[in-house]
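Q: Here is what each chain is made of, one letter per residue.
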Amino acid sequence: MIENGVIVETVDLCKNYHLGDVTVPALQGINLKVKKGEFIVIMGPSGSGKSTLLNMIGGLDNPTSGKVYISGQDISRLSDGALTELRAQEIGFIFQFYNLVPVLTAFENVELPMMVNGISEKEGKKRAKELLEMVGLADRMHHRPDELSGGQRQRVSIARALANKPSIVLADEPTGDVDTKTGDEILELMHDLNKNMGVTFIVITHDPAIAEHCDRLIRIIDGQIATDKPNVHEILSITDEELKAFKGFTGYISDSG
Amino acid sequence: MQLETLGANLIVLIIPLIIGIIAVLLWKDKRLVKMAFRNLRRRKVRNFLTVVGVMASVSLYVAFNIASDNTYQIVYNLVELLGGNVDFEISRVDGEPFDEDILEDILQIEGVKTASPRIQRYCVIWVFADGNSTAATVVGIDPKYDNEFGDLFDYNTSEPINDLVVGKDAIVSELLMEGITRATEDGELVNATVGDNLKLKYRASGGDVKTKHWNLAAFAEVTGKVRQVGWGSCVFITLDSAQQFFPKCKGKVDTIVVEMDPAYENKWQEVQQRIKEVVGEDLEVFAPKQTNLEANQAVISFIQLGIFFAGAATLLAMVFLIFNTANMTIAERKYEIGVLRSTGFKKRHVFKIFLYEILAFGIAGSAIGVFAGIWLSNGLSWYFKTLIQLPIDVPFEEMKGVSINSAYLMEGFFYGVIFTLLGGLYPLLSITNLNIINALRPEARTSEKLTLKYRLQWITGGSILLGVGMSLIFALPFVLGLEISFLSSVFLLMIATGIILIVGGLKRRYLTIAAGVVLLAVGLFDVFFGGSIISIFVLMIGSIVFTAGILRGVGGAFDFIIGRIPGLKYVSNLASKNIARKRTRSTLTFGIFTICLALVIAIASIMTALEVGILDFVDQNLEGDLIVSTNIGAPPNLSGNITRNIEGIHWANTSEGMVPACTILEGAGARFELWDEDYDSLLMGINSTNYAVVNEKTLQPKIIEPNDTDTFKLFKRLKNPHENACIISDRLAYELNVKVGQKTPIKITTHGNITEFKVIGIMHEDLFGYPQPGYFCLIDIDRFYDFGFDKTAHTFFIKLDQHYMNGTAVDPQVVADHINERWGDEYKLDFVMKEDIKQDIHEQVQQIGAFFNIITYSSIIVGLLVLATTMIKIVSERRREIGLLRTIGIKKQGVIMLILSESIFLDLIGLLLGIIDGYILGYTFVQALGDVGPMQFIMPWDAIGQTTVVALAIAVIGALFPAWKASRIPPAESLRYTG
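Protein sequences, first through last, are from chains A and B. Read left to right, the first sequence gives residues 1 to 257 (our numbering). Read left to right, the second sequence gives residues 258 to 1236 (our numbering).
Just so you know, the hints here were simulated from the structure itself, not pulled from any lab data. Everything numeric in this text was worked out from a predicted model, so none of it was measured. It cannot be assumed that every hint is accurate.
What the hints assert, rightly or not - Derived DSS-like pairs: lysine-lysine, alpha-carbon spacing no greater than 25 Å straight-line:
1) A:K122 - B:K826
2) B:K1222 - B:K834
3) A:K165 - B:K1222
4) B:K1148 - A:K67
5) A:K126 - B:K834
Stated by the list, open to error - Some but not every residue of chain B turned toward chain A, in silico, with C-beta under 7 Å:
6) P823
7) L825
8) K826
9) Y827
10) K834
11) R840
12) T841
13) E1138
14) L1141
15) T1144
16) I1145
17) G1146
18) K1148
19) P1228
20) A1229
Backbone N, C-alpha and C fix where the C-beta goes; we use that ideal spot for every residue, glycine too.
Take these sequences, add in the hints, and give me the full structure.
A: Pasting the structure below:
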């Protein structure tokens, strides 16, 4: 159940990775709230824990400690089967390298999540067609991924992410593997979907252009939230002292929204 | 030198050469070898499975060949045993009895060892003679034929006797089994009494019926024992008695069985021809043993061929396994190859690294496989030997351990290494064509379209092959007049290859389908018009290639069927598309199953046909309805005794032929030998030169050995009423100048007692092969050894009278009980009915079939390894995809279902093709076997059912662990996988 419009919440979220005898803390006490319909961008240097945070939110991995709430439900205690169902129904994923099934056409890739979710074949085909038209691939829907350009593949990925009408879309570097122009198109598409369909987007990116259009920009450094600002303009005004003060920080800065 | 021997010798010579070359190459490339071994330490499980696969293939190949050699001898002996030692059977064309006289002529034929009649109950005549005139006549009468007995012959002249020169006339009108009667003038039958005149009609030579008269001098006892055969007497006794006490009596027989001298075994047709010339056109001469041995030799050869192909299939499976492994390894390490190349390694260096890895599989697997093969062959041969256990204890040739032909060991190692290299050849060659940039890019496409240059090359090459093949196949017979049946398969393949290359050059997309269609056409053509084993395999390969070409359609059908099941639509959709996409790998996987399962089904159908054929063969050729065996041995004439004394017997024969036994003693100047304590007769061989002045008829009594009480007692035990009587051979009688009724100069002394013997009968010395039971018989020492009286028989075949007593068949158990009652304790007899043997053979054929199933199913083990490595590879390369599927909502069970369904799908294709190909293979085999024996193809539904279960089990077993592992990987980790 969504309380106060918060659709995603993390409480003292920690994740450690064990590499031999070394323990690497990927996330150190992340506290985050995301409201329904927000377009959140998460930025940070490589290895800061962005993708780890996204995986926690998406239920793809289990936290070492802390909690993750999706629509008010603590998903950190769910079984693997329940998590899978949650992903199928509530969460859509967009990956940097598309992760399309190579043997399926664009149409079939978009149809696949609906098949898994038990949607009828007729309904699934209808929706897949609509989604592909929506992302501008009406004339390429029966081509396989290796017959599509990078931008087209990412559009298919977006359409697939929306197949089961998720409430949340998690995007990990959605423009990372395409050229600037295509990236802009992708960004515009995501923005349109966010505004028109009210889907909450949480996007990880290095691309400042994406950050320009977000509702909130969260910056993660060394597994901790360094800043959590409403839009990109404010991030540009952060001082060195503020930045330095973030070293050793364990809580989160309250949102300004 | 035969081709096989030459090949084996070449292999023996080449192997050390190859090992030497390899050793030199390895020493030169130490650095690359080290890298190869370091790489082998990665992917331990897969590499271990690959070595196990090579080992399994080589060991099975070695074991099959060794076991095949050893089982051949066992089966051969079994076949020979069932047929007995009867080489030829002589009978009339119309089945009627014929004169036994022909027997003596047959015995004179070069190559004939023994000949004996199957005794029938007809009139016989027995003649005693001393060389000068007829001494006495014993006439054995079968009351059923009292007016049609054969001619009386004078022994010496062999002329028919028209008038008896001695004796008084007698009249007899009817002869009963138990006595002699005469008719009164009123026609009343009264018992004849001594002094009566008896009249006997007989048919003389020329066919005239004549009447002879004799005065009844004495009655014979009911049992037929002759009290005295006086000079000039004619004694009438029943035929039974005559046969009992004078078994070597001439008469009519329905069949004469002949045993050939083993030295003439390879010239049996010549011996058969000589017999035919002697017996004339009215008699047929069959060679049942040779015919059946030839038929069964063909069967044995086909079984050996089947075993050979099972061994070849395992080697072929190994090629697939290595191809698969090498392909996967190279695909996985493409990036590594790109790095090596970009850092300065040349193509040949990279090639060698992978070559040495593959070679390591081959050498390690083959070496272990050879030793495993020896061990396995012992087990297989022992198992097969225990299957061949007849219910009768017959001492046929035992297999003294397993004889191991070292050529098979060499071949196994050689083929193991060579086939391993063959399997890795294509993947290795692909390394040389790898573009460095493409290799370094993670998701680069590697398939490139054929350039125009390559297409032209394909078309040109194909046209040349097509032209040459067609010219040879059509032109050669006309131009050179050659028979090209053997080469036609080769030329057809040339034509096929040519067509395939042309199609491939024109449109590569249709290459696979075209290849499949052409191979199917060639195979079908050759099967129907040639029928060689090669054509069947071409057909099998064609079916596999064709299916590979239409794999997408097959996948669509699978998706259509399985997708109907609720919740499995996405599984079937993904599985079918994944199978179709990786065509080469999918084809290799289902292809190996096709070949293995086809062999299983083919062998099952062949075994079914063989069982029917063997049972028919046993029915037709097993001597008799009842088989009597003895471990301790019995005199061969027991068969004669059985025939004479037991009711319901048509004939009896021994596996050693009709050689009689006799009791003989050892002694100076003579030789006596004892048979056993209960004697049939006592035969003494006499060296007539021990006796002085025999030619001048001056008799000097001689005292001869033995000189002990026990031996003397033998004479007392002779079962005849004439004490101190003897029967003497005609030659000896002449030399010693004795006549019937006189005492012989031969005396036996023991403890000072001298016993003289009175001659009661003189017999032609040839006839002492069947000495008079219960009598003391004298014969010249030279002839003594001719009769082989030391023989014993262990097996007796008895044919029952099927129309005995009002047309009812005889119960074999009743007959067995009667025989056992009389001789069972003495000779420790065992009895087996023919029907029991057939049942035992049925069960043993079933077990033999199971034995072959073990062989063929074991080749499926290699298929299982291929499947397992394939599924491991599938999971490995699709890790990210699996992570994605988990991300979009497919649960762990769904992932397992997906992997399993791909495995089952591949398996089902292999199963269906295997059933079809197995049917064709089995049908062709059985039809070919039918040329030499009664064979009938029967669809092996049992085997198909078993094979289906096994195939599905393999599909699940091979994929279960990889599927389970794949489902366990956290999605986040899978998505991070970069391959």
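Q: Against chain A, run the beta carbon of L825 of chain B and see if the smallest gap drops under 7 Å.
A: Because about 10 Å separates L825 of chain B from the closest Cβ in chain A, which is outside the 7 Å limit, the hint is violated.
Q: Is K126 of chain A close enough to K834 of chain B, meaning Cα to Cα at most 25 Å?
A: 22 Å, holds
Q: Does T841 of chain B pass the interface hint, meaning its C-beta sits closer than 7 Å to a C-beta of chain A?
A: Not OK, violated: T841 of chain B not within 7 Å of chain A, min 15 Å.
Q: Using Cβ atoms only, decide whether I1145 of chain B comes closer than 7 Å to chain A, and label the hint accordingly.
A: 4 Å, holds
Q: Hint check: K165 of chain A vs K1222 of chain B, CA-CA at most 25 Å. Holds or violated?
A: Measuring from Cα to Cα gives roughly 31 Å; hence the hint is violated.
Q: Next item in the hint list is G1146 of chain B. Is there a CB on chain A closer than 7 Å to its CB?
A: The hint holds - G1146 of chain B has a Cβ within 7 Å of chain A, the shortest such distance being about 3 Å.
Q: Hint validation: E1138 of chain B versus chain A, beta carbon distance must be below 7 Å. Holds or violated?
A: Because about 6 Å separates E1138 of chain B from the closest Cβ in chain A, which is inside the 7 Å limit, the hint holds.
Q: Going by Cβ atoms only, is Y827 of chain B closer than 7 Å to chain A?
A: 4 Å, holds
Q: Take the shortest C-beta to C-beta distance between R840 of chain B and chain A; is it under 7 Å?
A: 12 Å, violated
Q: Go through the hint on T1144 of chain B and say holds or violated, using the shortest Cβ distance to chain A against 7 Å.
A: 5 Å, holds
Q: With a cut-off of 7 Å on the beta carbons, see whether L1141 of chain B makes it to chain A.
A: With a minimum Cβ separation of about 4 Å from chain A (threshold 7 Å), the hint on L1141 of chain B holds.
Q: Close enough to count: is the Cβ of K826 of chain B nearer than 7 Å to one in chain A?
A: 6 Å, holds
When the structure is compared with the earlier hints, violations turn up for hints 3, 6, 7, 11 and 12 and for no others.
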